[in-house]
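Protein chains: 4
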Amino acid sequence: MARTREECGVFGIYGDPEAVQKTFFGLHSLQHRGQESAGIASSDGEYIRCYTGMGQVGRVFRKGRGYLDKLKNPMAIGHVRYSTTGSSNPLNAQPFLGEYSRGQVAVAHNGNLINASLLRDEYEAYGHIFKSTNDTEIIVHLMAKPSHVAKRDPLGHVLNHLQGAYSLVFLFSDRVVAARDPYGIRPLCLGRTEGGAYCVASESCAFDTISARYIREVEPGEIVTLDKNGLSSRFFVTPGTVTPGHCMFEHVYFAKQSSIIFGENVHSVRKKCGHQLAREHPADADIVIPVPDSGTSAAIGYANESGIPFDMGFVRSHYIGRTFLAPSQDMRDLAVKLKLAVIGEVVKGKRVVVVDDSIVRGTTTKGKISSLREAGATEIHMRVACPPVANPCFYGVDYPTKAELLAGDKTLDEIRDFLEVDTVGYLSTDGMLSCVSLPDDHYCTACWSGQYKLPVNIVVNKFTMERHQMQLFDDVEL
Amino acid sequence: MARTREECGVFGIYGDPEAVQKTFFGLHSLQHRGQESAGIASSDGEYIRCYTGMGQVGRVFRKGRGYLDKLKNPMAIGHVRYSTTGSSNPLNAQPFLGEYSRGQVAVAHNGNLINASLLRDEYEAYGHIFKSTNDTEIIVHLMAKPSHVAKRDPLGHVLNHLQGAYSLVFLFSDRVVAARDPYGIRPLCLGRTEGGAYCVASESCAFDTISARYIREVEPGEIVTLDKNGLSSRFFVTPGTVTPGHCMFEHVYFAKQSSIIFGENVHSVRKKCGHQLAREHPADADIVIPVPDSGTSAAIGYANESGIPFDMGFVRSHYIGRTFLAPSQDMRDLAVKLKLAVIGEVVKGKRVVVVDDSIVRGTTTKGKISSLREAGATEIHMRVACPPVANPCFYGVDYPTKAELLAGDKTLDEIRDFLEVDTVGYLSTDGMLSCVSLPDDHYCTACWSGQYKLPVNIVVNKFTMERHQMQLFDDVEL
Amino acid sequence: MARTREECGVFGIYGDPEAVQKTFFGLHSLQHRGQESAGIASSDGEYIRCYTGMGQVGRVFRKGRGYLDKLKNPMAIGHVRYSTTGSSNPLNAQPFLGEYSRGQVAVAHNGNLINASLLRDEYEAYGHIFKSTNDTEIIVHLMAKPSHVAKRDPLGHVLNHLQGAYSLVFLFSDRVVAARDPYGIRPLCLGRTEGGAYCVASESCAFDTISARYIREVEPGEIVTLDKNGLSSRFFVTPGTVTPGHCMFEHVYFAKQSSIIFGENVHSVRKKCGHQLAREHPADADIVIPVPDSGTSAAIGYANESGIPFDMGFVRSHYIGRTFLAPSQDMRDLAVKLKLAVIGEVVKGKRVVVVDDSIVRGTTTKGKISSLREAGATEIHMRVACPPVANPCFYGVDYPTKAELLAGDKTLDEIRDFLEVDTVGYLSTDGMLSCVSLPDDHYCTACWSGQYKLPVNIVVNKFTMERHQMQLFDDVEL
Amino acid sequence: MARTREECGVFGIYGDPEAVQKTFFGLHSLQHRGQESAGIASSDGEYIRCYTGMGQVGRVFRKGRGYLDKLKNPMAIGHVRYSTTGSSNPLNAQPFLGEYSRGQVAVAHNGNLINASLLRDEYEAYGHIFKSTNDTEIIVHLMAKPSHVAKRDPLGHVLNHLQGAYSLVFLFSDRVVAARDPYGIRPLCLGRTEGGAYCVASESCAFDTISARYIREVEPGEIVTLDKNGLSSRFFVTPGTVTPGHCMFEHVYFAKQSSIIFGENVHSVRKKCGHQLAREHPADADIVIPVPDSGTSAAIGYANESGIPFDMGFVRSHYIGRTFLAPSQDMRDLAVKLKLAVIGEVVKGKRVVVVDDSIVRGTTTKGKISSLREAGATEIHMRVACPPVANPCFYGVDYPTKAELLAGDKTLDEIRDFLEVDTVGYLSTDGMLSCVSLPDDHYCTACWSGQYKLPVNIVVNKFTMERHQMQLFDDVEL
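Protein chains in written order, with our numbering: chain A, 1 to 478; chain B, 1 to 478; chain C, 1 to 478; chain D, 1 to 478.
Since the hints were derived computationally from the structure, they do not count as laboratory data.
Hints may be right or wrong, so weigh each one.
Because identical chains cannot be distinguished in the list, a pair is counted as satisfied if it fits within a single copy or across any two copies.
[Claimed, not checked] Cut-off 16 Å, straight-line C-alpha distance, at most; resulting in silico cross-link-like pairs (EDC-like, lysine to aspartate or glutamate): (1) 339 <-> 293; (2) 366 <-> 414; (3) 366 <-> 379; (4) 348 <-> 264; (5) 72 <-> 219; (6) 228 <-> 44; (7) 151 <-> 284; (8) 228 <-> 46; (9) 366 <-> 404.
Here chain A stands alone, though its shape is the one from the complex (with noise of 0.2 Å):
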């Protein structure tokens, strides 16, 4: 599928001399999560020093930026946040750091609260004041409060404020510490490099970049303690209490094809989709082939399956950037030109089938099919390795409108209309959790099914701020 706006990825590390360098790799490796800003935050086992930026990890920390080649700091975090297409803003960058009664402290969300905008109505009206307009603010406003710092576990008893998403990396001045919500919707997972520290990331990716190993999950409801005395461990929720409702769009999409997610293998899970949607959707074609990079894992599965050929019908370009320029011919076909280059000699002729892992607009998807035709192919058979999305996602999933997604309110008939394709297959949901290993419903489908964990009847208020407060420090260019 296209880009859209996407989420998160956090990491944090304690007790290696080299936690900031590991931290800039570890964030590297979740790029594809989010390449608006990036940010690390380090201490010296007494001061918090951050630095964030606009861009990809590689341009925030270049030669020179956040003395990264300098610190030696023990333990740090990290955090890389969503691309949008339009405007943004400096001031939500991550890490958040912060200072209240008991020191510094930063933060690195992966999620969303759905009742963040309450929390902030509150505490607004006891006299607080608010600089970003992102929801990770407000968990310090309720760790600085008076009574919550009295408690006994006074972080645990903030967790059970929020509500929604959250995989949390805490870093304080003498530990990190990470958390996870009770439905363990966002991944968290925990890694030991070759040296001992311990690691926390968004996904185990980040720890083959570092060589360190993956150990396990952070626990619905669990907050792990990274310090001196190693890792330790304790629960905010009574564990078991909840039934689970891992995004099942994360291994469908979001996450990276080599890593461990919810126990096991994204690649893995992908290919078997492929399988299962080559079952529920045959085609009698000559060929099969992905839209890369994300539609790879799935069309081998289908091809397997198929006794079809896989090939390579369209060639990704390594270099797009931003385009700046407003071309006079129509914008959605350049853009899939630029970005995918059709291979003509493999599909002239052919009956095509075209697998990806999801639609969620579909207009550059038209793009492509265009293209394919344009080159030749005689029949297009689109297969798709997921339900069709149709609902809003309240737990970090940027998706566009209802009325923007393809399959809002279209019926198939006219989806392949509209792709001005020869069929159209998208995977059953029961079809897609038969992929996964944990039981159906400790998964969260609501972007398919339209049932939610959390009642959605609270307002879910987007800040009004973003789109005007532009407290820039520096534009960015590139």
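Model the placement of chains B, C and D on the given structure of chain A, informed by the hints.
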């Protein structure tokens, strides 16, 4: 005198279609009050937008930045911040924009709050969190406090909590508000454009640039509101109950020669100081030369009074920026030589009176004297148009420590020997005060006399956070 | 194979109101041929304007640079230049623009002139001066020579002086001219837009982006002129008198999979090479995985031929840029891990065939193999879709020295041991040539065979100036 | 006078371990002669390395650029180039570095060659190609001509081909060479550091910065070589056969007040001009004020001679950079107000003599006068310390066209009316020449008198290329 740390400058305007652009030009005129950072906040009547950045106003708002050329908002405020020699923190750039229960507010502050640490400690104990390390953020916390919001005059109530020097300009979504501390330590004045819009600025020179007319000062203890009803005024302390303490160092060094502050023109005051200096410390010499540019006014006065011809002994370079080289020759001498070139022809074989406005550390002065000697001056008589600076300022002037002040622990003879001059003469405090129009006790002369307007037994903690928090969004290169 | 130094790409178009913009998109498609610098020269029919810069085309022509969005000139040429690991020289960015007695001319060059040093020495002896150190400048000197200017076909006369590989695109004030060396070493082809404008490009993939149609190659020894009369052709050598020597490495590695070069599709050739490789070097294995992206085509062929399932063992990161850190862990391993993540699930406990298009140094290949071992692969069978690279190229491919080439002085057994694989198999030269359509002797295979099309007893001096002249106008950061 | 286009500055030094760094500081002192671009070329005895860039020297050689802090080469030359209001061309930045049959040479040039076009046409007819559009490149072409290379004194032979103004500094791999045209139109002088290294600079102020001592001028028609044998001299024309033509406008406006040029101090000459101006054009007034900074020297002289008190009526801002805004209010007035603030107190109710060094267009002068009127000056007497500028300069001063010159076609009465002053008085040519020490006919006064040292029937073609060629490597933003 050589530039050390300097103060800040503030500006505000209401009811002009070019409010944002005029704020830019106003800040440009106030640039001498601070070159570290600059920022402008403006409102369209509903939402406030704020753009700040590191460096001079022309750099921060260079082409395409801050939407300066596009915003047609009818009200705006701006700020320029003092430069420091060492590290700086972009999070401290002003205006400070925050949101509380009554909506958005932006604040620009010139001065120093001596009880900021106390108040911050108190609010942290209430559970508040802080993002910046400057003393301006606490003002918004005070404004946000529910019991304060409920007062009849919430802002007046809040200002009564502040101790120290503050010339403040606030931007609410629908109005600009200016306020000045009860002692009127820092200047703040009102003007009106040809089109009838009211404006407020640290110095009247900001009005000249935008063809506005100087009206009067904002009175000590006064709150002035500029809104759709024009200008309205109220007092938050009973007027006349304390004797003002206008900072005499503003006249001596900070303010621009063309400005009117504390009711009279700066250049005229300095020239009178030069006359008085000649009367107090005559010299048997051939020429009078200023240390440009800040010593020029006094030197003209000295020359006129003494009858000794005025001439240019130094030429100031207009192209001094940051120099990154660590040259092998003595840094002090080189810095002086890059900035001030001696005209050998003028001083060779001459007995020279050198007039400067003030001396702080004395190191660069020593370099200048040395250049004159090299160029062949036979006698050098140093004349300083204010008394010896020997005490710290708690109201916004960032002097070095007493140990670093030339007059901190040296006798006049020691100063003469240190500077390697033939004679040295400082203007007396009485002499200096005879050159201004208000009663002697209406001025703060603490940096010379050690007598403060407010008790100094308060522990003035610098925030420890400043040294450690470096949430930089971008480096400033130039 | 890992990217070493690469070649260049050229583009030209005449008679399109969006000539400049289409050149930008054409260069974008050719970006894989060079990322060091980019440039566009265009003419309004009278004057030529040229803008070049360091970095990728999207960076060089980012918003506001090069007037890209404003120029409506009807003709333009462009160039992308290869990237180097070390220093680079902005003066060598192309197109090269010069002025001589016949007016302005801009030149874009792909290839390498083996007699450039000889000619340069000769012209320096005539009193000519040189500004750049690339071999393109000498072409303009030759064109400017009065006796050459006087010839019936001045350009054809000049081209007869050149020895080596050259695909050239010239821009004169009123026309675009393309020429290709008599051996046709580098590719160069003609296309036509939907609007009827002729264009020329290194590879046909540049036409796809601008919705142009591929017509044919520029023939070896041909000069093609695009002007107001359309397309006209002439030859500067008698056609057919020399056997062509198309660079086979273009098919193996350089060219984009979607391009047609030397008359056939690159992906198809590579896939055939994979089939042939499977026939020559079968393996008893569980899966076939490519080294993405350049090994993918051959891996598909290998899998199809062998019947061993194709799978993804590596995931390529799309966010690799320059990394400034000198990490303490082994650099080679880290570079591999940042760029290619292993999908452990796929290779664990498996006997794996790894297919790459070619191996140059072998160091990164070794790193990739090591990653697979760590992930649990039980056997690794390395298969390379071309013969061992063992000789230098004098026609534009910038290989390392023979000593640095993996196959430079190693036997197959030594290579197997160096890479730490179970077996290694290279495609034979005959096998490789059986996968392309032209007669075997129409290709240059010198880097494998050591047999060159032109005598190599010529002293190919690299210009000594290059190392020393650094007339940089700006550094390139990203 | 307001800055229009300006000249250039050159510097060279041989035999100092900090040659590169001292060239940087020397250029810094010469910055007033050009702010458009800067460059330094240095040699390690074998190879020349050159770094140029757009903008002021501090920007071009900011941290990390040009290897300034690392190069320990024993010889270097440098150049600062004039600023233009409009487009500029980085290819014209100097030193110009080229390679010819005798190796590398770098050239820095101050002046203007009136036969550059003729020579360029001739060399293009010989088959030479040109990269830049400045008149310096032709010098290297002349040097490279084989018949010139063979001469006994090749450089002297080449210089005899040049007509116009030229103060040149060459860097060969093993020596620095300085030369000045036979009329000595532009200044060029020799100095020696404390360490004994010889240096050469446009003005002696460059020596002051690096603690070098002024020795003497390079004589008209002299070539000075600085190499391992120290300083040696020869003449390329018979000395004394032509009367010199030192540019009097250097004394009036260009040169720094602290410099010695043409054998005497600039400030002293200007002050004498002020005395003479007071004798020729007395005024019945209350105060004398300068237009800072260039009018200050003359104003001091005027005040001394007339007995009317000297005062500051204008304060110059030190923070003027480029302003991108197109303000709606009158641009001229705003530019004046941003740069010069009037001290109302000084001029209110006064009869004011305003002294400037010269008037070119007169538009900004008109703005300044208008500011004084607004501030309440009752009478304004404009006094100009040189005659009316009415003719173009062909030797390096870039005046506007005659139609744009205030005195181009206006009578004194018309000038008075245009400026809206009460009286206007220009210094007479004889009066001006009475203030310098050499015989009257040793100066060029063509811009006032229209009498040139060289015949002007030569067609002085501006190169047409300049407007069109824009091979920018990077834009200059600041």
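Hint-by-hint comparison with the structure:
{"no.": "1", "hint": "339 <-> 293", "result": "both (11 Å within a copy, 15 Å between copies)"}
{"no.": "2", "hint": "366 <-> 414", "result": "within (13 Å within a copy, 51 Å between copies)"}
{"no.": "3", "hint": "366 <-> 379", "result": "within (14 Å within a copy, 43 Å between copies)"}
{"no.": "4", "hint": "348 <-> 264", "result": "between (38 Å within a copy, 14 Å between copies)"}
{"no.": "5", "hint": "72 <-> 219", "result": "neither (30 Å within a copy, 52 Å between copies)"}
{"no.": "6", "hint": "228 <-> 44", "result": "within (13 Å within a copy, 52 Å between copies)"}
{"no.": "7", "hint": "151 <-> 284", "result": "neither (65 Å within a copy, 64 Å between copies)"}
{"no.": "8", "hint": "228 <-> 46", "result": "within (14 Å within a copy, 51 Å between copies)"}
{"no.": "9", "hint": "366 <-> 404", "result": "within (14 Å within a copy, 47 Å between copies)"}
When the structure is compared with the earlier hints, violations turn up for hints 5, 7 and for no others.
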